[in-house]
Amino acid sequence: MTQTVSRDTPMLEVRNLVMNYGTKDGMVSAVEDVSFTLARGDSLGLVGESGCGKTSIALSLIRLLPDNAVVKQGEVILDGENMLELSPEEMRMRRWDDISMVFQGAMNSWNPVYRVGDQIREAIDIHWDEKPTVREANAKIAELFELVGIDPSMMERYPHEFSGGMKQRAVIAMALSCDPKIIIADEPTTALDVIVQEQVLEELRQIQHDLGMSIIYISHDIAVIAEITNHIGVMYAGKLVEYGPTVDVFARPRHPYSWLLLSSTPSVTGPRMKLAPLEGEPPNLLDPPSGCRFHPRCPFATDRCVAEEPPMEDIVEGHRLACWNHDQVPTTAKETE
Amino acid sequence: MVRFIGKRLLQMGLLFIVFLTILFFLLNAQPGDISQQFVGNPDIPPEAKEILRARLGLDQPLFFQYLNYVKNVLTLNLGQSFDHFPRPVSEILLQALPRTLYLFLTATLLSYLVGFQTGKLVAWKRDTPIERFTMVGSIILYTVFYPWFAILMLWFFGSKLGLFPLGKFLDPEKWFDSPYTANQVFNMMLLSALVAAILVGAVYWFTHKIVEPKPRQRARRLLLALVAIGMVVFWMVSPMSQYAADIAYHTILPVTTLTLVFYAAITLLTRSSMLETLREDYIFTARAKGVPEKVIRDRHAARNALLPVTTSFVLSIAAVIGGGIVTESIFSWPGLGLTLLNAVTAEDIPVAMGALAFIGFLALVAHLIADILYAVLDPRIRVES
Ligand SMILES: Nc1ncnc2c1ncn2[C@@H]1O[C@H](COP(=O)(O)OP(=O)(O)O)[C@@H](O)[C@H]1O
Ligand code: SF4
Ligand SMILES: [Mg+2]
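Read top to bottom, the protein sequences are chains W and C.
Its first residue numbered 1, the first sequence is counted upward by one per residue in the working numbering.
Its first residue numbered 1, the second sequence is counted upward by one per residue in the working numbering.
Hints may contain errors.
Below, a sample of chain C positions facing chain W; criterion: calculated Cβ distance under 10 Å [as the list claims (entries may be wrong)]: (1) 213; (2) 240; (3) 285.
Dumping the calculated SDA-like pairs for lysine to any residue here, alpha-carbon to alpha-carbon at most 25 Å [stated by the list, open to error]: (4) W/181 x C/252; (5) C/160 x C/283; (6) W/131 x C/214; (7) C/125 x C/101; (8) C/125 x W/64; (9) C/168 x C/125; (10) C/125 x W/181; (11) W/131 x C/215; (12) C/209 x W/156.
Restraint-style ranges between C-beta atoms, simulated for each label pair [as the list claims (entries may be wrong)]: (13) C/204 x W/70: 45 to 53 Å; (14) W/149 x C/196: 45 to 53 Å; (15) C/26 x W/25: 53 to 61 Å.
These aren't lab readings, by the way, just hints derived from the structure by calculation.
These numbers come from a predicted model, not from an experiment.
From the three backbone atoms N, C-alpha and C, an ideal C-beta is built for every residue, glycine too.
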């Protein structure tokens with residue numbers, strides 16, 4: 001890379017990303033004008049109900065979208081370089097080297113016929129600047145296994161000899177193997193039982209803290225996001241509706257959707273808020289609602305919400321949201337009683 | 001692995017006895033008994049018939065006959081042919097066996113090798129004209145009435161173009177002063193193929209201990225080239241080579257016909273298995289890791305798509321044997337299938353029974369090989385057993 005990157009420029013900048021899926025019934029508006037930034041060493045949580053486009057954003061970043069997906073507009077700038085303009089071959093070399101991923105279905109992320117260690121070594125062989133010998137690569141894998149709490153001798157084993165939690169830990173080890181700038185973790189603990197979920201989460205947080213890489217953590221569970229991220233982006237129906245420091249958003253959600261989402265989840269951080277429940281279903285993205293996409297479900301909706309789309313605006317420094325009537329949203333738990 | 005094979009061998013033995021039982025009782029369910037055919041002549045006085053029946057053991061209770069039969073088969077005592085009396089059945093069958101093995105092993109290996117590659121590439125080139133063309137061709141070949149297709153091939157390449165000999169498995173003119181029998185040559189061909197297979201296996205076995213991939217690959221290439229050169233040199237200097245060449249020439253048409261039909265089935269199967277594999281999460285993982293597309297296709301997708309194809313191989317063995325009779329009779333290939341057919345038409349019961357027992361045994365051996373292959377290919381099975 002040739003550009004010099006100043007300290008203030010965020011490492012990753014997503015600008016006005018628009019992505020649709022072409023289907024026989026029409027275009028699915030899965031990502032609509034999404035912008036956010038991620039600083040080096042920072043952790044960003046993307047939260048929202050299932051189907052709101054979280055995975056679609058992740059896949060746009062590593063450019064591994066299904067064939068029917070079209071990126072209509074936008075830029076994904078990583079350290080000054082627009083990833084969407086790289087050739088397929090250049091992009092292939094960036095995957096895992098710059099951005100690695102821990103997947104939603106991590107249980108099935110392993111090829112059943114190869115040893116786990118060999119599958120990690122495959123990534124190392126592709127991406128390390130100097131291709132290491134098997135011995136060197138194995139030493140690195142052993143180190144990573146210790147880091148995620150797996151006995152290093154397990155690298156000689158096949159995936160079916162791993163438990164669910166171990167498989168997921170090994171995926172995390174693999175995601176770390178090429179020292180990426182960013183790790184995207186897409187619902188990494190959804191398929192695990194609760195106890196293992198907690199452990200894996202804690203490990204992820206610890207590793208991210210120790211190694212200082214950036215992480216984008218995707219979950220439909222806002223409580224999980226609160227535990228391990230310092231920035232949060234709330235998504236609704238393909239749009240980013242609120243973005244800010246996690247503490248601020250949790251202390252005072254200003255977008256009606258965030259406010260309702262938070263209230264419908266048992267709180268882990270603050271006192272349990274007793275609010276209106278989140279009613280109804282997310283809209284069909286083949287034909288999203290006019291104006292603010294949240295208006296059919298929003299208790300604060302007005303005529304303007306139906307007609308005009310609210311822009312993303314800074315409310316406080318670094319805390320943005322898109323709502324015409326955000327001042328209507330109660331500020332504290334007390335006001336709602 | 002040893003326990004796994006032991007278990008399979010035991011199962012195989014039991015299955016074989018069940019198979020013999022069914023064979024025996026099916027035959028006895030037919031009206032009359034063997035003596036009717038053997039001494040069917042009404043002029044023979046009943047007393048003489050009784051003596052014959054006693055000699056043949058047919059006067060004993062069915063169950064004792066059955067026990068005797070199983071014991072005889074297991075000791076390879078299959079009796080004597082009625083039609084070529086007094087040639088022992090086992091001798092007739094052992095003569096036919098290498099010819100059948102030669103024909104079917106060649107066709108099976110060829111069709112699996114080529115069919116798997118085609119299926120793999122076609123699945124990869126989804127929705128292209130190449131895919132559609134291959135699919136239509138394969139479906140036609142797969143559904144065609146096989147005897148008709150075989151005769152068509154024979155007529156076109158043998159008669160119309162005159163490229164290949166019609167029938168027979170060798171040219172008698174070239175053999176009349178041959179110091180070898182056809183079977184000696186067949187056996188040598190099979191033996192050399194077996195030795196080559198063992199050597200290739202040994203090369204892989206000994207080189208897999210080399211940890212670093214580069215030197216391992218180099219060692220493999222070198223050793224495999226040596227094996228190949230060794231084979232070529234062996235057949236070049238062997239005095240049998242001209243006879244082997246004659247047999248090979250006669251093989252081309254039946255092997256091509258058989259291969260084409262198997263090939264179509266394997267292409268279709270590999271394609272669907274491959275398409276399924278390509279949807280797996282680990283393929284996505286490989287892409288996210290930045291693995292090149294060709295490597296994803298070959299090392300990740302095809303390697304897993306191979307598993308169901310191997311299973312189907314086991315299931316198709318029976319069909320292969322059924323097709324054997326048709327193939328061998330159309331191409332006048334004197335193997336087990338033709339022997340069986342001739343025995344049935346000549347009412348040569350011992351040969352027919354023996355041939356069926358042999359074919360059953362071969363099917364079981366093929367199953368065993370496929371099972372071992374499957375365990376080698378799939379670590380999940382390897383460890384569980
Ligand atoms: N391959 C696809 N073709 C068509 N629509 C899709 C495809 N993948 C996802 N979608 C749709 O895009 C929307 C966003 O999906 P996704 O990004 O998976 O959401 P999330 O990860 O938040 O659950 C959903 O409405 C989903 O139905
Ligand atoms: S813009 Fe209107 S409909 Fe949308 S969230 Fe705000 S108040 Fe609700
Ligand atoms: Mg998702």
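Now the hints, each set against the structure:
no., hint, in the structure
1, 213, "7 Å, holds"
2, 240, "41 Å, violated"
3, 285, "4 Å, holds"
4, W/181 x C/252, "60 Å, violated"
5, C/160 x C/283, "49 Å, violated"
6, W/131 x C/214, "12 Å, holds"
7, C/125 x C/101, "35 Å, violated"
8, C/125 x W/64, "19 Å, holds"
9, C/168 x C/125, "41 Å, violated"
10, C/125 x W/181, "34 Å, violated"
11, W/131 x C/215, "15 Å, holds"
12, C/209 x W/156, "14 Å, holds"
13, C/204 x W/70: 45 to 53 Å, "46 Å, holds"
14, W/149 x C/196: 45 to 53 Å, "49 Å, holds"
15, C/26 x W/25: 53 to 61 Å, "59 Å, holds"
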